[in-house]
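Engineer: Modelling step: build the complete structure from the supplied sequences, incorporating the hints.
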Amino acid sequence: MSHGSGGKAMAQLVRELFAAAFANPLLDQGNDQAAFDPPAGRMVVTTDGFVVSPLFFPGGDIGSLAVHGTVNDVAMAGAVPLYLTAGFILEEGFPLADLKRLVESMAHAAREAGVSIVTGDTKVVERGKGDGVFITTTGIGVVPPGVAPSGERARPGDAILVSGTMGDHGVAIMSTRENLSFETDIRSDSAALHGLVAGMVAAVPDVHVLRDPTRGGLATTLNEIAHQSGVGMLLREAAIPLKAEVAAACELLGLDPLYVANEGKLIAICAAEDAEPLLAAMRAHPLGAEAAFIGTVVEDSHRFVQMETRFGGKRIVDWLSGEQLPRIC
Amino acid sequence: MKRLRLRVRGQVQGVGFRPFLHGLAHRLALTGWVLNDGAGVLAEVQGDALERFLAALAEDAPPLARIDAIETDAIPAQPDETGFAILASQRGAVTTGIAPDAAVCPACLAELFDPADRRYRYPFLNCTHCGPRFTITRALPYDRPQTAMAGFPLCPDCAAEYADPADRRFHAQPTACPSCGPRLSHSIAEVLAALRGGRIVAIKGLGGFHLACDAFDAAAVERLRARKQRNGKPFALMVANVASAERFVEMEAAERALLEGVARPVVLLRRREAPTLPASRAPSLPRFAGEGLESPPLRSGGGLGRGQASSSSTLPDAIAPGLAWLGVMLPYTPIHHLLFHEATGRPDGTAWLERPQDLALVMTSANPGGEPLAIGNDEARRRLEGIADLIVDHDRDILIRADDSVMRVVAGAPAFLRRGRGHVPTPIRLPRSGPPVLAVGGHQKATVCLTRGDEAFLSQHIGDLDNAATLEFLEESVAHLRRILAVEPVAVAHDLHPDFQSTRFAESLGLPTLPVQHHHAHIAAVLAEQGEGGPALGLALDGFGLGPDGGSWGGEMLLVEGVGFTRLGHLAPLAQPGGDVAARQPWRMAAAALARMGRGAEIAGRFAACGPADGVRRMIEAGINAPPTSSCGRWFDAACGILGVRAVAGFEGEAPMALESLVRRPTVLEGGWRIDGGVLDLTPLLESLLQINAQEGAERFHGTLAAALVAWAMPELAARGLDRVALSGGCLMNAVLAEALSAGFAARGVTALLPRRAPANDGGLSLGQAWVAVQSLLQ
Ligand SMILES: [Fe+3]
Ligand SMILES: [Mg+2]
Ligand SMILES: [Zn+2]
Ligand SMILES: [Zn+2]
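Protein sequence lines correspond, in order, to chains Y and Z. Going by this note's numbering, the first sequence opens with residue 274, and the numbers climb by one from there. Going by this note's numbering, the second sequence opens with residue 146, and the numbers climb by one from there.
Simulated from the structure, these hints should not be mistaken for laboratory data. Please note that a few of the clues may not be correct.
Here chain Y is said to cover these stretches of chain Z; the calculated rule only asks that three of the stretch's residues, wherever they fall, bring their Cβ under 8 angstroms from a Cβ of chain Y [unchecked claim]:
1) 467 to 475
2) 487 to 499
3) 513 to 526
4) 638 to 646
5) 683 to 692
6) 768 to 778
In silico negatives: residues of chain Z with every beta carbon more than 12 angstroms from chain Y [to be verified]:
7) ALA252
8) PRO323
9) GLU335
10) LEU862
11) LEU923
If you only want the chain Y side, here are some residues facing chain Z, beta carbon under 7 angstroms, derived [unchecked claim]:
12) ALA380
13) GLY586
14) ILE589
15) ILE601
For glycine and all other residues, C-beta sits at the position ideal for the given N, C-alpha and C.
Structural biologist: Structure, rendered in structure tokens:
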């Protein structure tokens with residue numbers, strides 16, 4: 274792929290590729306924007322840039338990730354996602370076959386999620402100025418009435434639930450990138466969560482907090498919520514779902530799985546009395562089959578997220594300023 | 146006739162100083178008066194024997210007194226004065242302090258075992274020469290209402306002693322007797338019966354609860370270990386006296402003095418019988434995978450019934466598995482003494498105190514879950530449920546917790562492994578006076594340090610800051626130090642590490658902050674306590690500290706000049722595959738050393754039994770979460786892994802302690818190291834360990850490491866005309882290394898300065914940080 278003289282032809286090719294893969298009535302109009310009537314209710318908009326290496330990994334690729342990530346950010350408002358927009362930055366020389374593969378994956382992910390990619394943009398940068406492909410997606414959705422989850426709504430006594438096993442995505446990425454084969458292949462959990470969320474808010478409209486623990490994992494996300502809400506949290510290590518392969522990979526790599534990214538999991542915080550129905554609603558959906566009640570929101574002026582370990586002690590599950598640095602002297 | 150005005154500074158209040166002066170004046174037929182004020186003791190004395198008075202003042206001062214300075218002024222005599230008076234205390238700016246807690250004094254012991262005494266067998270007797278101080282004092286001034294004794298009004302007898310200047314209980318704030326003082330929840334006979342019945346008993350001590358059991362009862366020791374989930378970590382032993390200790394351990398005069406001193410620390414002493422040591426070269430199996438999935442297999446040998454114990458010196462190995470040292474302490478509260486008294490049939494008098502006793506108790510801190518020592522009665526019931534079979538408490542509250550101090554004799558003099566009860570809050574004198582600063586230490590074995598003038602008040606051992614309870618203890622310790630010193634810091638010093646809770650705490654205080662590099666602080670701590678103000682060369686031989694370059698440091702040669710330092714050199718880097726995991730799994734560091742030798746292909750074969758060896762090889766070779774570290778501690782780990790001493794450590798420091806245990810006489814491998822551009826590379830030494838057995842390897846590693854470090858530092862010392870070198874960091878807890886280094890430098894005319902008043906490990910960091918901060922503010 275090149276720009277300049279031959280670039281024109283290439284851009285045309287890319288446009289056609291996208292048009293064919295993403296085809297939907299709004300996109301098909303061929304305008305530089307998509308126009309539609311606003312639905313009833315509160316609207317939600319979010320945007321996210323996707324940079325991942327490798328671009329293809331077990332369980333997904335940058336294309337599906339760019340759909341899931343933004344759909345999930347919409348869904349974490351309790352919303353039904355409606356439309357996506359997509360911006361691509363392609364590095365000159367990126368193989369067309371790979372591009373085709375990831376665009377098709379993206380289209381597939383959008384279809385599965387029931388959202389349309391209604392407008393987009395493509396830029397090509399010189400070789401060496403990009404890392405294959407960067408994608409930015411923006412999502413628009415609408416929230417059903419009576420639903421208003423938000424990061425500052427965690428209250429002492431609330432239950433903390435997660436929708437499934439932690440750390441799958443980050444470990445899958447790491448093992449592929451570093452060419453570390455584990456005995457069982459670990460796949461990314463990349464998935465669109467709005468279907469799961471729809472069932473949850475139908476069962477418990479007053480869910481206090483929904484958030485997807487992506488970068489920084491469960492630990493970082495819970496610390497963010499604790500700070501936003503001015504509360505502490507007490508987790509039970511034994512209750513946190515973890516695949517044995519992920520645990521083994523983390524043990525080898527010296528990573529704490531609670532800090533490893535997820536792309537198809539959510540955290541839900543609700544009143545204690547809503548925990549049972551919410552957990553039932555989560556488990557009724559395939560993406561929440563391994564949902565678990567992992568801890569409780571507590572009063573704490575320090576806003577600490579603490580964890581009861583398997584051995585009866587407690588430890589602070591802190592936020593980190595950067596990567597996991599050693600601490601043992 | 147002459148008259149002198151005396152100002153005495155130091156630890157002179159609450160230690161029986163005024164009655165001592167009063168008695169001395171009477172004996173020497175002197176007149177005058179004495180009073181306590183904010184600066185210490187002020188006195189005027191008049192008569193002919195003033196010379197003798199001054200000499201006695203320095204020589205015969207009460208046991209808990211510490212005289213820092215005596216200033217005398219000749220003033221006009223008052224011819225018609227009669228008698229010597231103790232005048233009312235005067236308030237003033239507080240510069241005097243609270244004494245540390247002290248073991249029962251001989252006079253109190255005599256009362257304790259005298260059936261005619263009104264305090265016969267009273268578990269809370271004390272006097273101005275002994276008993277609780279720091280741990281029962283809320284704030285200054287040190288008066289009964291500010292102590293845990295506030296709720297115990299004195300009975301007429303105690304009140305009379307308290308008011309009598311000639312009595313050793315004159316103004317003894319914690320004084321008590323059976324009719325007015327605290328009570329123990331159980332009789333001594335019941336407590337002893339429980340211990341002898343194999344029960345685990347929580348006993349409230351001076352600075353917190355201990356968990357105790359009969360040390361000869363192997364099953365009880367194992368039960369305690371299992372309940373406490375203390376994976377192989379050694380337990381301390383309490384025996385009645387030196388004669389009893391000598392059945393198990395060897396000791397030299399300095400060690401004996403340490404053991405019998407009023408501070409009564411746990412002292413590490415060499416066992417008479419060599420412990421069972423891994424004989425094979427095969428790596429020992431992981432006994433404690435990662436966070437400890439299995440409890441360690443306990444060796445069953447050595448467990449003896451009590452019937453045999455009386456004539457035996459064999460303790461269950463489970464007390465300190467595989468280690469050549471035992472941590473031993475002697476009784477320091479009346480409760481402890483009464484247990485031994487009961488066990489030996491309640492003899493009258495004190496002669497029995499010197500005779501060997503059969504009873505030996507395991508005494509370990511009651512700090513389940515790695516959280517701070519339990520101190521409250523309700524807290525103990527809550528936290529020790531399921532651990533202790535019996536909880537023995539009393540109604541005298543512990544206001545601030547203090548773990549037992551742990552010490553050993555290193556290169557002929559005492560050194561701290563952990564500084565706590567008996568030593569806090571004794572200040573450490575800084576080379577210069579400066580504005581008050583707070584320093585908050587590191588992450589593990591945290592301590593804090595608050596300065597006042599040229600005094601640095603290093604807190605008691607606080608613990609590892611990975612749980613909220615320990616962090617709260619740190620905050621309490623800061624608040625308590627502020628109260629008892631009546632000083633407000635103007636700045637706070639902390640480690641460079643952004644994710645230490647201590648760093649975050651420092652940043653939350655709203656004071657100017659000063660980050661101090663970890664190894665700079667280690668060296669500065671030694672310089673601070675040893676009065677070295679000028680430029681100095683230091684070797685920081687340590688586990689891990691973040692460098693200003695973001696790297697993992699830990700084997701550093703630093704030139705420290707005031708508030709700055711230059712990194713002159715460091716140990717050759719080893720990959721640390723998995724970060725902290727590698728600090729708990731010495732085999733990973735051995736794998737990194739093999740890779741460094743170019744023998745990475747051997748990793749999978751050699752360490753197949755230890756863990757995911759081939760995965761670790763790939764991490765090392767591809768640099769996946771395997772950051773290079775110049776840590777001396779990790780080089781130790783590598784040696785342990787290669788020699789098969791410990792593949793996986795059940796507790797911090799286990800592997801190097803086991804390695805040190807193997808050494809009888811260090812040896813030096815010529816050519817065992819390379820020095821290149823300030824980098825000291827021990828790869829040849831490590832490679833040679835592949836060929837020899839564990840004991841030979843341990844001796845070669847220690848001896849060669851020390852020789853290499855000396856060879857490395859000498860040119861830098863010579864180039865700067867320095868004849869002193871400061872040594873610090875966690876590896877200096879290793880007495881074999883410390884002694885080999887001292888001797889090695891001494892042979893080249895260089896004095897090695899070792900940490901003496903603060904621990905060499907991270908427990909001393911806050912002192913070094915504080916000293917750097919003081920100098921920075923003085924600039
Ligand atoms: Fe250190
Ligand atoms: Mg976003
Ligand atoms: Zn006494
Ligand atoms: Zn009394």
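Engineer: Against this structure, judge whether each hint is valid.
Structural biologist: A quick look at each hint next to the structure:
| no. | hint | in the structure |
| --- | --- | --- |
| 1 | 467 to 475 | violated (count 0) |
| 2 | 487 to 499 | violated (count 0) |
| 3 | 513 to 526 | holds (count 4) |
| 4 | 638 to 646 | holds (count 5) |
| 5 | 683 to 692 | holds (count 5) |
| 6 | 768 to 778 | holds (count 5) |
| 7 | ALA252 | holds, 43 angstroms |
| 8 | PRO323 | holds, 39 angstroms |
| 9 | GLU335 | holds, 28 angstroms |
| 10 | LEU862 | holds, 26 angstroms |
| 11 | LEU923 | holds, 29 angstroms |
| 12 | ALA380 | violated, 34 angstroms |
| 13 | GLY586 | holds, 3 angstroms |
| 14 | ILE589 | holds, 6 angstroms |
| 15 | ILE601 | holds, 4 angstroms |
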